[in-house]
Amino acid sequence: MKKSFLSLAIASTISMGAFAGVEDLLITEMTQSSDANVGTVEITNTGPDAFTFTDEVAAYQRSGGKYDNQLLNAEAKPLLSGYTLAPSASIVVVNSRASEEFRDAIATQGGTVVISTYDSSNKYNNLFMTSDDGFFLKNGDTVIDRVGAANDTSKWAPNTTLRRKKAADGNNPAQSGTFDATKWQNILPMRFDDLGKSELPAADAEDIMDIFTCPTDKNEIMSPSEVQGSGFTSPLVAAGETESAEKVAVEGIISAKVSIPNEGFYLRNFASDNDPETSDGIFVSSSAAGGLKVGQTVCIGSKVAEFEGQTQLSADTAFSWNVTDTNIVTEPTDIQVLSSDNGSFDKTLERYEGMLVNLPEDLDPSTPSDEAKEDMRITRSFSYNYLLSSKGHNRNNMVAAYKRPNLQPNHLYVAGSPESKAAYEQNNDYRLVIESSPRSNGTELPYYAGFNSDPHTNYIRIDDSLVNAQGVISQYETELIPGTDKFDQDYSLTITNQLTSDNFIHNLPRTDKPDLKDTVADDDFAIRISSQNLFNFFNSPFGGDNNNFGQSRGADSYDEYINQRTKLVEIIRAQDADVMALMEIENNGFGDDSAIAEIVNQVNIQYVDERAQDYNGPNSTENRYVFVGFDNNGNQMLDNLDAIGSDAIATGIIYRPSKMSIERTRVIPMPQQKAPTTVNDLGEVIKDQNQEILENGQNYHRDALVVTFIVNQTGKRLTLAVNHLKSKGSTCWEEWQGVEFGEATTWNNRTAPDLDYQGSCAEFRVAGAVHLGEEMEDVLGDKIILGDLNAYGKEDPVLVLTENPRNKTIVTASHTFLGPKPQFNEDGSPAIITKTYGYIDIVGEKFKEKGKTPWSYSFSDEIGSLDHILISPSLKDRVIDATDWHVNAAETGLYDYQNRFKGNIDGTGTHKFYKGDIYRASDHDPALITLSYKPGDADANVPLNLPKLRKLIKVPYQIPTGISAQVGDVATVSMSPEDDEQRLDLTQMVLPNVVISNDTTAMVNFEVFGAPSAIYNVTVSLQRDGQLVEGSQQKFVAKVSNRDTLIADIVEEEIDHTGGDGSAGSAGFISLLSLFGLAAMRRRLRK
Amino acid sequence: MLNKSTIAIAIVTMFSAGSVSAVMLDGDSQGDHVRLYGEVGVGGHFDTHPDYNHDEFYDTKGYVDDSFATMGVEGQREQFTYRLELDYQRRNWLGGDGEFELAIDKLYVGYRLTDQQWIELGLTDTAFDDYDHFGDFTFNKSVETGEAGDQENTVKYQAEFENLIFGTSYSYDGEHKSGALQGDIINGYVGWMSDLLSVVVGLETRGGSNGVSKYGEQEQIGLGVRLKLMPELSIGFNGFLEDEDLSTRKSGDVHLDYQTFRNIGMTVSAKYDLTERWELISSVNHEEYEGWDLIGPNYDYSELPAEYGKERRWASLGFNYRPARDIVLSLEGRVGEAPEAAYAYARMYF
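Protein chains in written order, with the UniProt record's numbering: chain H, 1 to 1087; chain W, 1 to 350.
With the C-beta cut set under 8 Å, the calculated list includes, among others, these residues of chain W facing chain H:
| no. | residue |
| --- | --- |
| 1 | Gly207 |
| 2 | Gly211 |
| 3 | Gly252 |
| 4 | His255 |
| 5 | Asp257 |
| 6 | Ile295 |
| 7 | Ser302 |
| 8 | Leu304 |
Each computed EDC-like pair below joins lysine to aspartate or glutamate, with the alpha-carbon atoms no more than 16 Å apart:
| no. | chain 1 | residue 1 | chain 2 | residue 2 |
| --- | --- | --- | --- | --- |
| 9 | W | Lys250 | H | Asp778 |
| 10 | H | Lys138 | H | Asp68 |
| 11 | W | Lys250 | H | Glu1053 |
| 12 | W | Lys310 | W | Asp55 |
| 13 | H | Lys303 | H | Asp210 |
| 14 | H | Lys821 | W | Glu307 |
| 15 | W | Lys310 | W | Glu288 |
| 16 | H | Lys912 | H | Glu444 |
| 17 | W | Lys310 | H | Glu826 |
| 18 | H | Lys165 | H | Glu199 |
| 19 | H | Lys166 | H | Asp207 |
| 20 | W | Lys250 | H | Glu1054 |
| 21 | H | Lys821 | W | Glu303 |
| 22 | W | Lys310 | H | Asp827 |
| 23 | W | Lys250 | H | Glu663 |
Hints listed in this document are in silico derivations from the structure and should not be mistaken for laboratory results.
No experiment lies behind these values; they were computed from the predicted model shown.
All C-beta atoms, glycine included, are put in the ideal place defined by N, C-alpha and C.
Chain W extracted, bound-state conformation:
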């Protein structure tokens, strides 16, 4: 399912002007078209840190590869749209094995109600997923918002007016990226977009697995803000507050005794455009998971506490370099309670 890096690419593809440069296979002036698009990226995480690894990496070692490729076809005929996207990605998250896997990332048909409103049906991003890192300028992931991501069996409605944006989705029998049942998921966002200031609020709730997996009910609110201070300098804020019910006990295959865990995460980031080709990006980050809180009532006391305690804080500084159109070279260094020391990546889009 959705790898974290795909979030980054989603953001990049959607918001970096000019980067949507797919190969037009067919098209006409009415808007009907078929396009092939994709990405090849090579790079990964350097010097991952066992003390600060929450669930980021399947192994902590000098280099964890995060290479990634995606290829998709999307098109429109009259009001109908469709999209098929394949990802080739590393299962490098905690519990994974670091090997490549091929997965269908998106598979939907859509319908454009108007120029500003459309719906999608099938396997697609849930609505909130589109804006869950809105205020985070970093190329690498920073604080991860635990929203639903891509889901099968999803109905999504989105609208984009001049300044106002709105979206909501419903997913039947939603699943965690591990495949574990989470129950129905409804999420959405509403935002205000302008050159100077943009704000998006996201909301999500899910129905829980009713004992099938460790995931119970959940409610979450997210906030993303971008403010252009100067033509070259933008700052952003991204954060979430989540009450997530998780099972604290298991009998056989049945998960029991769900307890609510409150999780908070926030990022303040800034982006400075040095030149057309160079961007400097920095962030400071704070994450707080109740499950990490040794003194919290729901701490899983079969395990030793994490080194970082009940919260993690770190900061990052990095740059993106675009030697040519559709090529991004990224390098980021991190300090503090970060699970990795650096991230380096080269991507090409088509």
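Only chain H is shown next, with the shape it has when bound in the complex:
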């Protein structure tokens, strides 16, 4: 029996649909390279009859030697079904993106082109041949013919054309379910001139290989440094060209072999040319270098190319080079900055492009007088690089920068200023991407075993110095610059040695509490305030109250939730703040099961020591917090219906009633943008790449929470406005003004121009800042605006709230509204803001004094402060210290609570990077400030707030300056209720006399027991020998009350004294007469 009959018989038994002619189908040609667009498979009907494909005879790609992927058409049917192949005719299957020119050429050669149209709802059913793929035909369940070994996972066909050879007898060969390379003519580099032609080469046809032979004349051989030259491009590549006209022979020693950023190896000079201006190394791009070893000598024939900024050679196959099996070690060269680099670190790196280098502890030893060592600092911790429009370089890696981490350009320099642009350029210049080879799986660093085994000890933080890391320097294009068609180019170091913790010097080591002074003068006390982003703390899926917005942005599982909560509780406790502003907490109201109640309850669990002797201890009940509730819907209850604003996340405030008491609370509704939807020239709404409306013009801030406290033991007001302005991430109406959409109906939402690096919605944040500034102007006393303003230190919203010394023209967003009220102009046009509100960026100011730079957030490879504490000038003299605490933003996101992308999850539902500690509890660092108060300090017309603790109050007596207390003097206190009508029971009240025991006493605290809650007129004085010491008497008003409870309650505001005092003018008729001086109409409260 002939083979074909046999196979037919088998086929018919196995698959019911077999039929005559299938045995004549033959895979006759294949092309593939790294470019899938030119991958093809030719199938020829060698039989006498026409053959029509049915679903039974299907085409498969064997992807990467691992996966069988059936090719489908757009209707999800087998790709070839319905095609008829005439006798001796060929069809050629091509990738869906094959160019028309390419397809036409095949058709001209006689082939029927079958475009692999593929079904987009299924994965992997396009023909996608990329050097490591095979192909087979299946009849029913039987593989009837195959090209490419079924289990070959290598790049076995680089830039290759395979043609099926005739059988030895001159007949067409038989089908074969297994691949035999000897039955194919191998052509390299690939050719397409036979595609579509059904004739087969003879059985003895020779392979056509482009084989290089190293010239015997050494003068014809160049060294890597000669190819590199001293400029940014090779002298062998003519200006305006991307590669040299001719191939050159280059010889060198393999210094490294890596697969990242591109697969290939690095050649170095036999001996340095001792010219520091030229690199002594060069990269050879090749996927065929599997057999090469580091230390071997290679002579390669290649054109010289300038590819993505890098001078390189390339080789499709091992036929492109000759190898001498040497084993010569390459010592890495220290990178050294030269004065001839003119301050350009790119120029420095260009001199090392293609070389094996070492990062020394001092890259610029030419400055010995300069004590600081210029080294490489980590500027993005290990994380996914999220490149936009990347050319295939999306992966997990790190970024280092020369001398210092990259500061966001607008953090120190006014957005849009030449200095800011220069800082942006410098960041680009100083950047060095730290790569691994092989590519990291996202949880392991191939070059740092210590990190992989014990990441909690061997951590890497932003601002760590990376020293003595060795590797090769490459250059490549990273991502599209938004609003342009240009790509950023970066240099990278692919590390080749194993690192230990000695290679990472922690310039900002982990600390378990913030470095924040709160030492005060005798008798004074400190109030500590902080601001912390809670990284989307949502409790609604885990028993908490639901939010109104149908979103859950936080933990995905109960395990994650507990882990998230644990870390947040730790970081809140570690800050030990007396009042704390929170951002990114679920907006599910203020009921018992709200997210903020949950956090407070969990934090309070630790504070259990009740005895008075423990009051200053770490676990005292005095440390307990309560959250500030807002009865936002006015139903006189704090519950889950009191959600604030229109976002799933909100801000919050928690405080210690032992330290302060609420005077008033309010929510400032922030402006909304109600602008037109962005449309194209035809008026059609434009969608983004996710089929969402690109920009619907409706944008929101989180509403501001404003709480005025009275600091206990004083009459000092302290108002906190907690904010979370609109983020930089998604666009506002402004971003798309001036963009030419033409008739496009879809547009990438990441391509909005951002010329001043403020990100999206800067104008809208200005509108928010203006409104906030205006509303806060009416607030009496000391004020702090804090929170995540989503603006770096010198961006427009911060300039508005602080100062605008350079008179930058600051423009608001258009179409902003407060309810139905246009915020600025009735026609929606923007306003130019010339007024600033004079707040002080206190963290920035304190860090300036310390010679440091604040930052609280890391985005891409730049750091800066989004989290601010802006104080009113009235507070400045009270400030003890202010700081950022780099406990989160400096750390890699691997340490956070989330389990996604963290590798194996253990039995406790946790990944190996998780620890219930403070580090990476959030993605933002907290900002903190300490203020100093003296008991008895008071604002005008504000009574001292003296809360009772177990019926005891302390009445402060600031002995007037100029009065020197003497030992033996007696301080006395008397208190009488201001309102006689209350008829208070004062029988229990104990008003002590205090005998002065120290000549330096400047303050006496009377422990008064049993005073009922009321307003009192208090008189304190010193008696000496039974006589009043002249000038020592002080009179003030004090409010004795119970402390704010630890159960959040609605605070009904008391009168704010802006509504007059009831009497018309100070002196009745005289005042009226004065009115007849017509000139003086009273000035208005608000300008």
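Please build the complex by placing chain W on the supplied structure of chain H, with the hints as guidance.
Just chain W, lined up with the frame of chain H:
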């Protein structure tokens, strides 16, 4: 409390010669007397306009009744005077219900210091109230001056010399007509009266409610001018400028965050006596309240803006007809941003 129409009647009773024709119950040549007086009026506002209604009407509809009756007794014995006046009026202002109510409008005792000077104590007009529409000839209200009106607990001093007039009053714990506390109110006026030209300047200030009501402090100046151009033709100007503090926020029952609102209003009016019985009266009016200003910093943005924007302007033309003594028939039409199209009224005094 004081209805706007009573202002009109006050003016009419005080300045229309011969209209003070009360029923003398008792009297002697020394000036001691007891008189009964009063008014019955029927009429109202036609075709009120929702777009232009600021706070004029409790409802906007085809006809809003403004019928009104008042009856009072006033007397003098030796230097002492007294007055009791009852009003029966419609609560037809915004926030009212359109129903009738009976209210004591005046209740005071007075003392005549001289023939030209006197004081009053009790519930009475504040001083400025007597002249707040001095330059406005219209029978219906035109631009409303937001002075205190009638107040309880008031001490008032007034003087009328040959040309000079002067008055001032102090009211303890003054109230808005709604009953809301406004604090102590002091106001006054000084004027020069002559046949050709009369000018009155009024001033007012109040102490504010200190969080009890929405009313904070206030200061106001008013000006009224009448000029007789010809024997039959007079023109008048009436205007005010007011800085009034109002609460912009409330927590529970407490009013907070008082902000100053500047309000301006002015009327230019003219009166032409056709015959003894017929008068033609016209006016042009302008009103500007900061609270209406959508772009103003203190706009209450929980509400949509008014149709008329931050100012209202309108004009009126009407006539008064006096078929007999103590009877006035009035008809007035309005154009522009006026809250009503017409006003018609018949009044009889006794």
